[in-house]
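S.K.: With the hints as constraints, model all of the structure from the sequences given.
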Amino acid sequence: MKIKGIIYCCCLLGFVLIACSLQAQYTINGSVEGMSTGRALLVGDIYEGRDTLTKVEIKDGKFTMNGRVDEVSCAFLVVEGRMGVRLFLENNEVFDVRFKLKEAPEVRGGGRNQQLNREFMQIEEKKMLKLHDTGREFAEASKNRDTVAIREIREKQARILEELEQEKSIFLKRHGNTFFVLHDLARRALGMSAGDVQEAFDLCCDELKTTLPGKYITALLPKLAKIAVGATVPDFVSITPEGKEVSLYGIRSRIKLIDFWSSNCGRCREENRATRPIYERYHARGFEVISYSLDTKRELWLKAIADDKLPWIQVSDLGGQKMKIMIENYGIWSLPANLMVDENNRVIARNITSEELEKVLPKFLGIE
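The opening residue of the sequence shown carries number 630 in this note's numbering; numbering runs sequentially from there.
Keep in mind that the hints were calculated from the coordinates and are not lab data. Wrong hints could be hidden among the right ones.
[To be verified] Pairs of lysine-lysine residues, derived as DSBU-like cross-links and limited to a Cα-Cα distance of at most 35 Å, are as follows:
id, residue 1, residue 2
1, 802, 731
2, 844, 953
3, 844, 855
4, 785, 756
5, 926, 731
6, 953, 855
7, 759, 802
8, 873, 852
9, 852, 731
10, 855, 684
11, 755, 988
12, 756, 684
13, 729, 785
M.R.: Pasting the structure below:
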């Protein structure tokens with residue numbers, strides 16, 4: 630009897646634990662200033678696109694969401710017409726989110742990963758405040774045409790950004806074995822070298838590597854290796870404004886700069902204009918530029934080419950699956966981005982500025 634009783638209790642305990650596990654869920658309580666009705670959406674970040682997890686109606690400026698996740702997951706909580714906010718969903722955690730009229734949403738609660746997100750955002754906010762102060766100084770110096778002050782302010786801004794990156798790097802390494810950092814790595818990995826991604830990924834335990842961002846990085850690493858310095862980049866075929874097919878491998882030149890840009894990227898347009906005199910100086914010596922636009926509207930793409938008077942090869946797929954494959958194959962995380970390859974399509978530099986291009990190009994062309 631005693632043994633049967635023990636077995637019965639063990640079975641009962643097992644059923645209770647399973648039931649509790651199935652009932653475990655996250656809860657999001659939201660309030661929206663200045664909005665009595667509307668809709669709130671929770672959109673999951675799946676690294677290759679986004680999927681709406683749930684949507685609820687806002688009543689009397691409030692809403693509640695409940696759900697369950699199989700593992701820690703990142704999602705964006707969005708209220709129509711307001712700024713969204715990132716949440717790290719974990720079962721048994723409660724989030725209180727307040728959407729303000731003209732400010733970023735305020736999040737209270739959540740688990741450890743949500744707390745790490747808050748701390749990381751504070752580093753970003755510190756940078757923005759410092760840059761905001763220099764912005765006023767820059768405006769005043771520009772108004773007075775004070776070139777010395779302008780140069781000093783730009784140097785100050787560069788130091789602020791460098792200090793921020795160092796602070797962020799220290800933070801990410803300190804918390805390297807967390808879902809928050811793994812998620813951040815997955816978001817940035819396309820713009821990083823294979824070696825840097827692998828180094829950060831090695832900080833994660835095996836359990837984290839089996840999560841969604843872990844699987845994404847595992848699949849991405851071999852692709853990043855294909856665009857590392859010294860690697861031969863994959864060929865691509867795209868379309869010129871005239872409708873002609875152009876392949877990278879079909880372009881014969883000693884040095885080729887594969888440039889990624891879009892018409893609505895101000896920094897891209899600035900870099901393109903700065904690259905134009907360099908191109909005109911060295912094109913006859915064996916330098917070619919192939920610009921791949923991430924535009925989806927043909928008229929905007931063509932207008933930008935004409936307005937900026939870009940003389941080199943222009944191609945685009947104007948969206949679709951081919952563009953998605955290009956972005957992943959060439960590690961495009963942000964714009965502007967570029968790869969410099971030699972006549973054998975081996976990578977010799979990544980993401981260099983027009984200033985750096987002007988310095989290194991004569992050496993690569995062998996005309997120093």
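S.K.: The structure should be examined with respect to each hint, and the outcome stated for every one.
M.R.: Evaluated hints:
1. Annotation: proposed proximity of residue 802 to residue 731 holds, straight-line Cα distance about 34 Å (limit 35 Å).
2. Of the pairs offered as hints, the one joining residue 844 and residue 953 holds, with about 19 Å between alpha carbons and a cut-off of 35 Å not exceeded.
3. Pair hint residue 844 plus residue 855 holds up; C-alpha atoms about 19 Å apart against a cutoff of 35 Å.
4. Between the alpha carbons of residue 785 and residue 756 the distance comes to roughly 12 Å, so the proposed pair stays at or under 35 Å and holds.
5. Taken as a hint, the residue 926 and residue 731 pair is honoured in the structure, with Cα atoms around 31 Å apart against an allowance of 35 Å.
6. In summary, the hint linking residue 953 to residue 855 is supported, as the alpha carbons are separated by about 17 Å, within the 35 Å threshold.
7. For the suggested pair residue 759 and residue 802, the alpha carbons sit about 24 Å apart, so the restraint of at most 35 Å is met.
8. Of the pairs offered as hints, the one joining residue 873 and residue 852 holds, with about 28 Å between alpha carbons and a cut-off of 35 Å not exceeded.
9. Under the criterion of a C-alpha separation no larger than 35 Å, the hint pairing residue 852 with residue 731 is inconsistent with the structure, at around 41 Å.
10. The hinted pair formed by residue 855 and residue 684 fails the criterion: a straight-line CA distance of about 40 Å is larger than 35 Å.
11. For the hint pairing residue 755 with residue 988, the CA-to-CA distance comes to about 34 Å; that is within 35 Å, so the pair holds.
12. Proposed proximity of residue 756 and residue 684 is supported: the alpha carbons are some 34 Å apart, at most 35 Å.
13. Using a Cα cut-off of 35 Å, the hinted pair residue 729 and residue 785 holds, with the two alpha carbons roughly 33 Å apart.
When the structure is compared with the earlier hints, violations turn up for hints 9, 10 and for no others.
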